[in-house]
Each structure stands twice: as structure tokens, then as C-alpha cells.
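Visitor: Using the hints, put the two chains back together into the complex; each one sits in its own frame.
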Amino acid sequence: MLIGRGRFIFIKTSDDMGCGYTPGPFAAAAALSPPNRSRIAPLAISAWTATTALGAGIDAQRSGLRDRRSGLRRNDFDTRGLDCWIGRVDGLEQEALPAALSTWDSRNHRLAWHALQQDGFRDRVAAAVARHGAARVAVVMGTSTSSIGETELAYQALADGRFPPELARRQVHSPHALGDFVALATGAAGPTMTIATACSSSAKVFAHAARLIAAGVADAAVVGGVDTLCGSVLYGFNALQLVSAQPCRPFDRDRDGLSLGEAGGYALIERTAAAPEATLRLLGYGESSDAHHMSAPHPEGVGAERAMRDALARAGLEPDAIGYLNLHGTSTPANDSVEAQAVARVFPAALHAGSTKGWTGHTLGAAGIVESVFALIALQDGLLPGTLNSHAPDPACGPQIRFDNAQRPIVHAMNNAFGFGGNNCSLVFGRA
Amino acid sequence: MTASASIPLSATIEGIGLWADGVADWDAFRAIRAGQAARDPAIRRPAPALLPANERRRAPDTVLVALQAAQAACTMAGRAPATLSSVFASTYGDLSITDHLCETLARAPTEVSPTRFHNSVHNAAAGYWTIGTGAMQPATALSAGPAGFAMGLLDALAQLAEGAEAVLLVGYDGPSPGPLHEVAPSAGLLGAALVLARGTAPGRVGIAVDSRAGVATAPLPGIGDGNASLPMLALFDALAAGADQTLLPAGGDHVLRIGLHHD
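Listed in order, the protein sequences are those of chains A and B. Numbered per our numbering, the first sequence spans residues 141 to 572. Numbered per our numbering, the second sequence spans residues -8 to 254.
Hints in this document: simulated from the structure, not taken from any laboratory. The model shown is predicted, which means the values in this text are computed figures rather than measured ones. Backbone N, C-alpha and C define an ideal beta-carbon position, used for all residues, glycine too. The reader is advised that the hints may include incorrect statements.
What the hints assert, rightly or not - So, partial list: chain B residues that the calculated Cβ filter (under 8 Å) puts toward chain A:
#	residue
1	S87
2	T89
3	A97
4	T101
5	V103
6	N110
7	T121
8	I122
9	T131
10	L133
11	M142
12	G154
13	V196
To be verified - Have a look at the derived ranges for each label pair, beta carbon to beta carbon:
#	chain 1	residue 1	chain 2	residue 2	range
14	B	D244	A	Q234	31 to 37 Å
15	B	G194	A	A413	39 to 45 Å
16	A	R411	B	A209	36 to 42 Å
17	A	A240	B	A29	45 to 51 Å
18	A	P539	B	H172	54 to 60 Å
19	A	R485	B	A209	48 to 54 Å
20	A	G456	B	G205	46 to 52 Å
21	B	G190	A	G301	51 to 57 Å
22	B	G233	A	T412	43 to 49 Å
23	B	P168	A	R571	49 to 55 Å
24	B	G194	A	A299	56 to 62 Å
25	A	G456	B	A204	35 to 41 Å
26	A	A240	B	R203	24 to 30 Å
27	A	S242	B	G205	27 to 33 Å
Only chain B is shown next, with the shape it has when bound in the complex (with noise of 0.2 Å):
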């Protein structure tokens, strides 16, 4: 991150995933971003295909979109999901099910459901995902405002650095109903993933991180506007454009440069 940094914190990226209203991949960003397409208004509610029926019915969209992204970037890199130490980060969780609480709560609280209790947990991503895919590896759920999914990705490079071979990052926010959303504001559904690999791929795009005081890129408006993890889409513009590098918010006046390699 500075000069004293005794690694250099990079790695490949191997997947790319993506669902946001209206947008049902990667691909169909990618396409919205060049001009050549535009939101499918059919596209509302992501189905992961590692959930049965009726758990997709059951769990919060929240945990849809994130592992919608998730089995893409997984897919498209060709690993295992089981095989993958995971990284889930998002603003808030799920704010449906925070509302859902807190209403219950201050109307009968013995009437609070088990359900969505375990559900509530910030880590409902994760475990869903886990227990989808057989997933003993390491998973991880956090949150940091606007800057979550640059921690999450600084702590996926850093458990490359320490051994693992390829981690799966996700970053994911939904909307905030009722009252929560002048104190949590965060509009639709958006989720994106990476599987990122040590070392180099001929074929893949390289990223080297560094930390610095700046400003963050915006990202381009269209999709994923108002979502508390808007930010994350910076890079994934910048992926989509070949850019060269792109700026994420990293806590107070830092940002995170990270700089891509495009083989």
C-alpha cells in the first residue's frame, strides 16, 4: 500500500459477475455500457441456480443477487465454488428483513419469525452460499460503508498473499423499504463478483492495488443508481472500458488506485 508494503498486492482476475435491475450478467453490462443494448425491464429478480425452487423463493433477494454474481464470476473462471475461500461485502445486509424486525419488534415481539431472525445475520450471503455450493473454505462477511467492497478486496488480496490460491469476492446492497431509507438509503438490487487468482494468466486482466489520498472515480450513472454499493461499479467500467485504472473509495479521504493490466 506505501513504499514499506513488503508485498505487492496483486492478482488476476479470473471471473466476472454481475446482476442489477434489469441487467441479468456481465455480458449485458458490458453491452449497456458500449451502447449496443439497453435494461431489459423483464430482468427483476435474479433465480441463482445453485438454490432449489423453493429456497430461492424463500431467501432474501439480497442473498439472490449476491449469489447470482458469485456462481457467474465463478463460472466464468471455471473453479469450483467448494474450492473458494469467500469474501461478502455490503453496506447494509438485508434492509427488508431489518424492517421486517424492528416492526415486529415494536408490535409484538414474540411474534419475531426464526426465519427471518437467521436470515438477519450480515453473514445470510455467506452461509447461503456455503451451504449451496459445499463451501468449507473460509468465508467472510463484511460491511464499511462506502468503501466495503474495496476491504473486502484488499482482504481477498491479502489471503492470496498468504497462500490461498483463488478467492471469491462479492459485493452486493438491496433496497431500504419504509422508514430505514432516510437513515439507510440504498435503492435496487445490485450485485457484482470477482474470482481473483494469484499470479499472472495470459488471456485474463492483471490488477495491482495501492492506497493513496484521492478522490474516487464515478461510476457511470444508468445502472445500479442510489445502491449503497454503487461504488464497486467504478472498477467494473473500468473493466468493461480497458481502462487502465480505477479509483474506489476507501475510508475517509483514501482511495484504493487500482491499476489494470489488460493482457
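Excised from the complex, chain A in its bound form (with noise of 0.2 Å):
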């Protein structure tokens, strides 16, 4: 099976690569009902922060997107000699989770409580919970592999058979363990959940968190994603012949793959009544399934346009509204040239749309939330960044796909996350 369009050739697979387009007997069900969304109630963001291989906190994601500043560097990460370029985020290794919390040390963990530090997002936080009350502040938090470094440390370190005791600690080998460490590290206790759908992870946190506010479940929510870099991910991605040997070149005509980054970042969102000072909102989401393959997006980007179309009719908004679109954008053939397409059926060809990703790379579970701030940074800014390392467009692209970055005020931002699965979801932000 060769799954790809016009010259791009994005994974040979045999038979045996696993779940190709399989309809099963309901699949004639007329899958493609119309999208019926209406619009919901604007949610404040009343405070934000993101921790990528750019530095700690917005100014440093601020000033490495206007200076056009690459985050990425050759592998220094795994000693094993993969030839890629990382997204790394320095300093993990020193950081310190503080003595109450170190039972939960993991890269991870570290990286969540390093980019809690920022932007004084745990005050914010604290302040949060002591405004509406801690079972009153869901937390919701995306990661697409939490802290399975850890639990590959382990089984490189297996002593007959069994962790190694300092290892053997019940609360990092667990998905959920990111969703409990921002608990226990904010003092928030309403609904906890982590969300685990891949690449669109920390997106999908926003259209939850939406949902509990607006059914009276919570009355805020700290939502965010944080995900390392491990041994999974780099030979995963380098399984699937994913990976560049070189920086990722986002929409290039020459892209040849990702590079994969680390970081975490952090919302909280709340009622606009609750934060008359907060100046942006979440306006819509939209999610959306592509029902075709678990690791190569539909070849039509059917369910990437299903979620922008979405995301903006509860945000009440036509397309031209838009000014900036972060795109997934993430430099694998397939998913670049099929993302321009849905984009340019949805948006008029005035649209500045970029990938982030050449500052970054692709930061996976957390790439929902980086590149949220990057389209809060649009917002309250006029910063709207390109495409960085890319030179030769590919001409299968529209003309809303831009490589040099501007500078002027917008009101609506848009921001894209797809994930392995066919898991799609975009956001839409504005400004108060």
C-alpha cells in the first residue's frame, strides 16, 4: 500500500503495518453528517505560559519567533547515535522537584513543574483556587507519552527481572501521572484527567475543559500538555520513516520529516465574568475523527477541515475573520500537503497561516498548547509568525501558507492539532 499524493512517497507499508482503511459493516452509515455547532459562551484565558527548546516562559517564545531563532540542534539526547535534529529543553536535568513532590521525579515532571514556574502561572493558579475553591478548578492535561522514560530507564536497568527500587514508583508509569502531578503541584482538585490522543492532546484540553465549565462541573480549569523526549518517540518516529536527518522544513517543497521537540505549557481558563481583567479568549473548538488509518492522515484531510469548519461555527465566526492560523504543520510529506489543501478549501487565500514547528519541532502531546500560546502571542502582539528553515514552497500548497513572518494587530487567531488515529482538533482565540 503506498499512501502519498503526487510525488511525495510518505510510508511504504506491507500488508502487515496494521490498521489500514478497514470499514467495518457500519461504515456505510453516512459517516459525513454536516456539522451542526452552535455557539457557545467565550471563556477567559487568564493566564499562560509555554517551556520549549526556544527558553522558559513567553518572552523567551516571544523573542526566539520574532528573531526567527531556531530551538533545534543535532540529537545530543540519545547517545545512540540517531541522526536528527531536537527540540531539547536545557537544563532538565539539574531542575528539582521540590521535596514534597520528588517521589514523582521524572523528565518529565520536571519539565511540568519548570514551565509551572513561568509567567507566574502557579500564583495565577493559586489565586484561581482560592477565588472559586480548590474542587472547583479542574485540571485537565494532554501528553502523548507522560513519563515512559522513566519506565524505559527501568527496564534498561531490570534486575532479575524487576525494577530497580528507585524506579519501581507506582506514580510516573502511568499516563495519568502527568494529570496528578498538576494536581498535587497547583492545589487544584476539581475533575482531573489527562488526555492522551497523540499529537492533538493538549488541544483536545481546551474543548474539555469548555464542556466542564459550561456544564457547571468546574468553574475553572488549568489545562496544558507536557511530553519529553524519550527512546519510544525517536525510534517510533524513526520506525515509521518519520524523522529528518535535517532541521524540519514545514511545507518545503523538499520536506523530508519531522524533527521532534520537547516542552510543556499551561492555560487557565475560567468564566468571563470571573476574570473581568483577562484580555483573551478561547471562542470555539472543533474536533474531529479521520476514520481512515492510525498513522497517516486522510488523504483528502476530510477530518481536518470537519474540525476547523467546526471549531469556527461555535466560535460564530466566518473564515475571513481569521488572521492567524498556526498549522500542525509538522514537515512529514503526507501531513503538510494534505493540511494545505483542507486549509485553502476553508480559508480565503488572504489568510497568514505558519508552522512553528522549525522553531520548536514537533513537541507532540504538547504541541496543542505551545502552539496556543503561539496564537495568544498573534493576538495580543500583532507577532504573526511564518515557517522557519523553508525556502522552496511547494506549489501543491496554497497561497495562505507563508514562510516570512508579519507583524500586524489580529482579533481571531485559529490554531491546528492532529494526531495519530485520525485525531484532529482545532481552536479558535480572540481577544476581549
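Guide: What follows is the structure, given as C-alpha cells:
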């Protein structure tokens, strides 16, 4: 089976490659019911932050984007010599968790803790906990691999088939380790869950939290995502032949794969009346499934288009209201051409759309929150990132795809995040 | 959830699906709980009809059990799966794949299988489900320790409150192999699913949910013992027994109180 379009061969799959398109007995039952979403109440984003290979906190993201400074470096994380570039966060080896949380130690939780300290985020959550009561502040975190790096380390050090005692800590060897950790670290004690839908995880957290608040289950939510470099993702994406040997070049004619990165970020969302000073808004979300393949996007981007249209419908906006779109733009041949086609069907040529993966790498389960933060920077500063490392536009991609940065005020921004399993999420943000 | 809740969280249960080692379906579960039948040792591996035979052979067992329960719930509800938004809750996902990945990474990292890797995502069951049924509706996958099914239920109810007509909720976990058993304990295969719909319907069970401090209801012994998704069976016990409420763990010292209204 050959998955790809035009001159790009995405993944060569043989028949033992797993779940291809296998429509079941119900598939004929009209999957394509049209979006029927009504407008949702805007939610205030009263605090937000991100830590990536560009540095810790919003200022580091802002200056890195403005100066077009890539955070990618040659792979120095995996010493076994995979030839690729990575977006690594400096200093995580030295970061120490506070004593009360020391049994939660893992690279992922050290990054989660480091990211929580930036931009006064942890203090803002403490204030929200005081304002609403701990049980009314939900925690909805996204990750793809959580602390599996610790599990990998334990397997390298098995003694008589057992984990060494220092790594036999139950609290870290679970996908939900991240949600539990952030709840403990912030004092929020409302409904706590970890969303793990691969690379859409920390975009979907906004949708989950918006629903919980709308339904009256919570008054505020700490949302976000943290993912860290580990063997599973480096060698897993390598096995899928999706890792470039060069810094990734999203939407470039000659792109040949992604660069992996690690990151953590958060947002605090509340009803607008509870955060009168907040100037940024979550206006809409759209979620969809490709119903196509576990690791390749729908060839026409039907699922991606559906997510973008649903997000616009919930925001009550027409496509031409969007001033900046942060694309998923992984730099794999298939993702970028499919996403560009879907964008060209939805948006006018005037849209400024770009991929920031060349700055940070693909941060997987953290991509949703990181790139939402970039969309919030665009709204706040009028700084519209283009696409880094890319030089030769792919003629298959439309005029919306921009390589250069732009500077102009915008009113609404969108962020796309698409994951394995055909799991798509688009978010719309705006100003108060 | 509290006095300040703006919308009461309630729904009608339209469909129920269940598979456990020795328990082929919801009817068998009810018969066993009623003391009218015993577990059947021949029931060892679910075979969801929506996957073709070659996919069934390759798919992880946790995917099979999730799809088996999900499909049964949709059939009972009389709803086409492709029309449903879905929520998949699992404590650990597929631990046999975690074991394979970590073992291979420690020994020969370049030998990681691409199929095993894409099957390792926590939303593998959601992915196979949407592919197998042609569902382009939203699908989500979450983990919340013992509170996983309760958190999935909250999201499903919140989706109904936001406008969805019906939502599929699936909870599942599988056994932890080798060294993982000590740090991620789970035994056997267990999957259970509900199709939840807005409003009330004659002849169907209605549920209403709120949150409070408390101690969760312990499931009856004998089915799903030791499985990480076992806490969800308290709700299925209550449905089988016609009980008027049950308490699911909801994180920390909180429980979801689920009131059941049998029409």
C-alpha cells in the first residue's frame, strides 16, 4: 500500500503494517453528517505560559519567534546516535522537584514543574483556587508519552526481571501521572484527567475544559500539556521513516520528515465574569476523526477540514475573520500537503498561516498548548510567525502558507493539532 | 455537580456492552450476577465483528475488548456507530505494547516495530473504532487512574449538555506483563461501554450524576478482579441489580454519585 500524493511517498506500508482503511459493517451508514454546532460562550484565558527549546516562559517564545531563532540542535539526547535534530529543553537534568513531590521525579515532571514556575502561572492558579475553591478548579492535561522515559530507564536496569527500587514508583508509570502531578503541584482539586490522543492531546484539553465549565462541573480549569524526549518517540517515529536528518522544513517542496521536540505549557480558563481583567478568549473548538488510518492522514484532509469548520461554527465566525492560523505543519510530506489543501478549501488567500515546528520541533502531546500560546502571542502582539527553515514553497500548497513573519494586529487566531488515529482538533482564540 | 451547577448532568442509557474473561456479553454478566450462570472458560479473546479477521489477529487485545463492548452497546441502542461521538477511558492503554517497546528500546532500539509504535498511542482503541465504523465524529481517549470511567462519564454528559444527541463511553484495561505488573498492576481483559443519550425515554434507565466526598462502591467479586478498570463495574452491578444508586471513584476523596431511575 502506498500512502501519499503527487511526488511524495509518505510511508511504504506492507500488509502487515496494521490498521489501514478497513471500513466495518457500519461504515456505509453515512459518516458525513454535516457540522451542526452552535456558538459557545467565550471563556477567559486568565493566565498562560509555555516552555520549549526556545526557552522558558512567554518572553523567550516571543523573542525566538520574532528573531527567527530556531531552538533545534543536533540530537545530543540519545547517545546511541540517531542522526536527527531535536528541540531539547535545557537544564532539565539539573531541575529538582520540591521535597514534597520528589517521589514523582521524571524528566516529564521536571519539565512540568519548570514550566509551572514561568510567567507567574502557579501563583495565578493559586489565586483561582482561592477564588473558586480547590474542588471547583479542574485539571485537564494532555500528553502522548507522559513519563514513559522512566519506564524505559527501568527496562535498561532490570534486576532479576524487576524494576530497580528507585524506579519502582507506581505514580510515574501511568499516562495519568501528568494530570495527578499537576493537580498536586497546583493545589487544584476538581475533576482531574489526562487526555492522551497523541499529537492533538493538549489542544483537546481546551475542548474538554470548556465543556466541563459550560456544564457547571467546574468554575475554572488548568489546561495544558507536557511531553519530553524519550526513546519511544525517537525510535518509533524513526521506524515509521518520518524523522528528517535535517532541521524540519514544513511546507518546503523538499521536506522529508519532522524534528522531534519537548515542551510544556499551561493556560488557566474561567468564565469571563470571573476574570474581568483577562484580555484573551477561547472562542471555539472543533474535534473530528479521519476514520482513515492509524498513522497517515486522510488523503483529502476531510477530518482536518471538519475540525476547522466546527471550531469556526462554535466561535460564531466566518473563515475570513481569522487573522493567523498556527498550522499543525509537522514537515512530513503527507501531513503538510493534506493540511494545506484543507486550509485552502476553508480560508481565503489572504490568511496568514504558518508552522512553528521549525522553531520548537514537533512537541507531540505538548504541541496543542505550545502552539495555542503562539496564537495568543499573535493576538497580543500582532506577531504572526511564518515558517522557519523552509525556502522553496511546495506548489501543492496554497497561498495561505507563509514562510516570512508578519507584524499586524489581528482579532482572531486559530490553532490546528492532528494526531495518530486520525484525531483532529482546531481551536479559535480571540481578544476581549 | 454542586448547588452552583448550571445544568443538571443527566442522560438516558440506551445501550450497554460488556466483555470480560469468561463473560461474553452483558446478558452473561447479568446472569452470572444473578447466580443463574457461571463464567465460561471458553470465552478468552473478544472478536469484534467490525474488524476483519486479519485486523483482529493483529490488533492489541485492549483494542479488541474496547471495540467488542462498544459495538454491543451501539447494537443495543440501535444507533449507527458512525453517528456517535466517543469517549475511551483506560488506565494504562495496552501494557503489552509498552512492555514490547521498552524491552526493544533497551536491547535494540532500531528494531522498534512501526506498527507496534502506532498501536502504542493511548487513543489506539479510539482510532481503530473510528476507522472500523467510519465515524468522523469527535473521539477522545483519557486516563485518570481509578477515576477514569467517572471522568469519561463526566465528559460524555458534558457533551450531551453541549448539544450532542448521543455519546459512546467505553472503559477498558488489559493485563500487565512482566516487570510492569509491579508498577502498573492490572489483570485480565475487561471492557464495558454505554451509549448515553439526551433526555429520557420510556423503558430506558435514566441516570443523574453529582459529585461529593465519599467512598466508592466496591464491585462484586468474580468478574474483572484485579483489572485496572474494575471500579467501573460498580455501575454495571447497579444496572444489573436494578439498584437506585452507585458511587464511582472520581479522584482524591471524591466520588460521582450516579442515581439510577428505572422506568
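Visitor: For each hint, tell me whether it holds in the structure or not.
Guide: The hints, checked one at a time:
{"no.": "1", "hint": "S87", "verdict": "13 Å, violated"}
{"no.": "2", "hint": "T89", "verdict": "7 Å, holds"}
{"no.": "3", "hint": "A97", "verdict": "4 Å, holds"}
{"no.": "4", "hint": "T101", "verdict": "7 Å, holds"}
{"no.": "5", "hint": "V103", "verdict": "5 Å, holds"}
{"no.": "6", "hint": "N110", "verdict": "6 Å, holds"}
{"no.": "7", "hint": "T121", "verdict": "4 Å, holds"}
{"no.": "8", "hint": "I122", "verdict": "6 Å, holds"}
{"no.": "9", "hint": "T131", "verdict": "6 Å, holds"}
{"no.": "10", "hint": "L133", "verdict": "5 Å, holds"}
{"no.": "11", "hint": "M142", "verdict": "4 Å, holds"}
{"no.": "12", "hint": "G154", "verdict": "6 Å, holds"}
{"no.": "13", "hint": "V196", "verdict": "21 Å, violated"}
{"no.": "14", "hint": "B:D244 <-> A:Q234: 31 to 37 Å", "verdict": "36 Å, holds"}
{"no.": "15", "hint": "B:G194 <-> A:A413: 39 to 45 Å", "verdict": "42 Å, holds"}
{"no.": "16", "hint": "A:R411 <-> B:A209: 36 to 42 Å", "verdict": "37 Å, holds"}
{"no.": "17", "hint": "A:A240 <-> B:A29: 45 to 51 Å", "verdict": "49 Å, holds"}
{"no.": "18", "hint": "A:P539 <-> B:H172: 54 to 60 Å", "verdict": "55 Å, holds"}
{"no.": "19", "hint": "A:R485 <-> B:A209: 48 to 54 Å", "verdict": "53 Å, holds"}
{"no.": "20", "hint": "A:G456 <-> B:G205: 46 to 52 Å", "verdict": "40 Å, violated"}
{"no.": "21", "hint": "B:G190 <-> A:G301: 51 to 57 Å", "verdict": "53 Å, holds"}
{"no.": "22", "hint": "B:G233 <-> A:T412: 43 to 49 Å", "verdict": "44 Å, holds"}
{"no.": "23", "hint": "B:P168 <-> A:R571: 49 to 55 Å", "verdict": "51 Å, holds"}
{"no.": "24", "hint": "B:G194 <-> A:A299: 56 to 62 Å", "verdict": "58 Å, holds"}
{"no.": "25", "hint": "A:G456 <-> B:A204: 35 to 41 Å", "verdict": "39 Å, holds"}
{"no.": "26", "hint": "A:A240 <-> B:R203: 24 to 30 Å", "verdict": "27 Å, holds"}
{"no.": "27", "hint": "A:S242 <-> B:G205: 27 to 33 Å", "verdict": "30 Å, holds"}
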